Amino acid sequence: MTQSIRKASRRRVLAGMAAAGAAAATGFVPTRFAIGQQAKIRLGLMLPYTGTYAALGKNIDDALRLAIHEKGGTLGGRDIEYVTLDDESDPAKGSDNANKLVARDKVDFMIGTVHSGVVMAMVKVARDTNTMLVIPNGGVGAATGALCAPNIFRTSFSNWQPAYAMGKVAADAGRKRAVVISWDYAAGKESTDAFTEAFTKGGGKTEKGLFLPFPGVEFQPLLTEIAALKPDVVYAFFAGGGAVKFVKDYAAAGLKKAIPLVGPGFLTDGTLEAQGEAAQGLETTLHYADDLKFAKDKTFRAAFKQATGRDADVYAVQGYDTGTLLISGLGAVKGDVKARDALVDAMEKTVFDSPRGRFTLSKAHNPVQDFYLRKVQGTENRYVRVAVKALADPATGCKMSA
Amino acid sequence: MSDSLAFFLIQVLNGVQEGLLLFLVASGLTLIFGIMGVINLAHGSFYMLGAYLAYAFATLTGDLWTAILIAVPLAIILGLALEVVLIRPLYGRDHLYQVLLTYGVILVLEEIRSLLFGDDVHGVTVPAFLDFSVPLKDALTYPAYRLFLSAICLAIAGAIWWLIRYTRLGMAIRAGSTNREMVQSLGIDIAWVYRAVFALGVALAALAGMIAAPVASVFPGMGNDVLIVSFVVVVIGGIGSIKGAFLSALLVGLADTFGQIYLPQLSGMTIYVLMAAVLLWRPAGLFGHAGAG
Amino acid sequence: MRPTRHRLLLLTAFVLLALFPLLAGTFYLQLFAKIMIMAIFAMSLDLLVGYTGLVSFGHAAFFGIGAYALFVLSPQYAAASLYLSLPAAIGAAAAAALVIGLLVLRTSGVSFIMVTLAFAQMLFFYVMGSRPLGGSDGVYIYVKPSTTLFGWTPVSLDRPAGFYYLVLAVLAASYLVLRFVTRSLFGHALLGIRSNESRMRALGFATYGYKLAAFVIAGAIAGLAGYLDAAQFGFVSPDLFGWRLSGAVLMMVILGGMGTLYGSVLGAFALVLLQDGLTDVTRHWLLPFGLFIILAVLLLPRGIGGLVHRAEKAHG
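Chains as they are written, first to last, in my numbering: chain A, 1 to 402; chain B, 1 to 293; chain C, 1 to 316.
There may be inaccurate statements among the hints.
Unchecked claim - Just the calculated beta-carbon pair ranges, DEER-fashion:
id, chain 1, residue 1, chain 2, residue 2, range
1, C, Ala95, B, Leu280, 16 to 22 Å
2, A, Gly72, B, Leu60, 41 to 47 Å
3, B, Tyr166, A, Asp311, 24 to 30 Å
Bear in mind the hints are in silico, worked out from the structure with no lab data behind them. Being a predicted model, the structure only gives us computed values, none of them experimental. C-beta: ideal position from N, C-alpha, C; glycine also.
This is chain A alone, in the form it adopts within the complex (with noise of 0.2 Å):
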């Protein structure tokens, strides 16, 4: 009796060693060459491809993936392997996807990702462990601000740009008396302070800031909370599927007649389809609109719809120009990413037409563009004016753009 149980407990020991061993070889293994640049480049896109910012995290990837193929499918000279990974929009699991990323799948780039507090995750472990970042969304100010970093780039815009350009558009057609509403995280916190910060400057002043938990999108108190106010303009930042329910939500209550609803374009883009009648007229600033006159926009428009079948939007230009800076920085050095200060130099330098006009980075490594003023038209943004031109992030915090 006592035989088998030695032999149990020993097979159980063996077991274990043989489990701990498999696990620790597989630290072992080199998960591509050492030497020179046979290997292939590695970008590791960690992007939202379930819940409420699906669609964004779709698009972001395909206009990258385009981009590159439509300049032969490499990266200076050297052949790509793609790892996806899902975020799930979830910031919990933000520090442990990142670090898999970077230390399981040993991924040259991180590239991500949509939801701002995800983006903090992915900004921490690019600055504890220096990997390349390029983020194609996440507008929070601090990466771009307070943690910037030389291997930190962003190719999309601050959540501060669009809702100062929206808040001085605001303020300058005479309206006194707004109300902010949004999700209760720092994306949503940052898009209302910048209105606020634009809006008083020109005179106005912001009555009262609504805030709901992520993603909630039970709106129909805060609605009628908006309607007991009676501002003059109220401005929401939502995006994805929660812009879809809250502009039809805020047109079922009656108030689209009463109350001019404002917003950055996210709150209408990619969204119009599902929205439908309730989004017409709807007047929101961005970096984009769906009907601008450059040449490179119409010919991306082209080649997007023809890859995929949807229409393009802002998120898809993002992704698209995170391509464009890749190539760009990685041609510079010939695809050496060890080459670090150079590729980093290279890419900073990089000033190309992209489908949003001309693309060139702040200091701060944050683009530097000029803000639309846009009007919805049946399914479109119409592009209205330009609402503030070559406007900056203002970058608080960060030591480079000294």
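Starting from the known structure of chain A, fit chains B and C onto it as the hints suggest.
Same frame as chain A, now just chains B and C:
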């Protein structure tokens, strides 16, 4: 009517509407919990399944009502299957194992949903004849569908009350919620009662998901949020008590709505503070029995 | 199983864990450290669930308090001292457990399960709405705690191996402490309360006090685990108070086998490794994971630890 009073009343309407929908979900939970003594964590998953089934069939048939007519029986069949295969082996076992097993069921149902319907957020369009808004005050209008929703919930609440008071099943339910063993020893076919109760509970949760879909959106994880709040409602009301669930649901709906407006910093906390307060005053809930659970 | 064999197995496991860093790469060191943190958390819950019969569905509350304590005590760009912040975190969690315990232990059975959930949710929503504490996005701790004492730094927590050894030491220490507690007279009283509380009361035991003491000890150790979790990746978010985490750790205890401390450790290893392994295989890993849990409940009435017990019993 003064402005602020008018808006106050509209917020009360919002709270009541939220509460009535909660009641639909919580009533099923309190029945299953109270009569069968089974903690079913997967209850929220049936809510989610209902919503997704409604979305799928509404897209197919173009009409929400047809979708509901098809989906409710489907949900009931699924519920019965689950009861036979998984729940029955758990009767009499430690509550913990029920928690663990139904937690596993949540995960499985979540993934099946993902495989069948994908992971995007979906909207369900409000049925055409209800797609208008009732003017209330100044600019504010109230979506008619929400009023209709409240009406349905009230009707179902009435039906449940009638069921409990005037049918044999209702008698067995009332008896079972006070003293399960006695019911068994009196020779009532408890297995049949259990099956009926479980099916009813599942149907209510799924139906709630279906009719709420146009106003709530259909998205992954929607079941989990509703589950927790339903538990709160059931515990405040008293396990096994439909009357308690009704009152408590209204209380929770109102607390949540007014919490969002007047205490935005603490808005999520209000219903839990409410639950803790009620329990510390009455550990068995408002209408619960000390022996149950 | 005779005590010596039992002890031999545990010792072997400990030695293996201690040797692990010699073989493993960074990713697996971090993973195993994470598992051991969850094991500490699970053992603390086992004291409540397995020994005292108190099913807490809000144990994450204390985990979260320990984690946020590190945030609060860490200067923004400098390191907190391990020797000051760790005891403070444990103290904060213990204090919270005392206050919450005083209130929730007035209920029992299902109500107890729900009230513990209520308090955890309250903390969750409080932190969610609090800007100084970072709100729903969570907040970062930029520098790991330092182990420097009087100029001597025994181990650098920035190195994955260093952090791993700290966690292993804490795991061993917690296990020994809990073993001592459960083998003592106090521990036997808890077992008595679990099997029949009214009988214990009739015998003259102040059961409320015993339960409260167990609740505080369990809360303190959970806070310790939370502190380590925050220190590992330098990120805390309200989810650390969430019911999903409370549920997950409960799963580990039940699946591993209640009432045996090592069962919780096994449960932690099993669930986290299973999750990690399955995530690589398929995006829909929750399906086999959920099925595994369901089958385990149906076929293994006493959890994985029960398998060990059965092996013991079968072989005299």
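- Beta-carbon spacing of alanine 95(C) to leucine 280(B) - inside the hinted bounds 16 to 22 Å or not: At 20 Å between Cβs, range holds.
- glycine 72(A) and leucine 60(B), beta-carbon distance inside 41 to 47 Å? Once the Cβ atoms are compared, 44 Å apart, the range 41 to 47 Å for leucine 60(B) and glycine 72(A) holds.
- Does the Cβ distance between tyrosine 166(B) and aspartate 311(A) fall inside 24 to 30 Å? Between tyrosine 166(B) and aspartate 311(A), where Cβ atoms are some 58 Å apart, the hint is violated.
Checked against the numbered hints given earlier, this structure breaks only hint 3.
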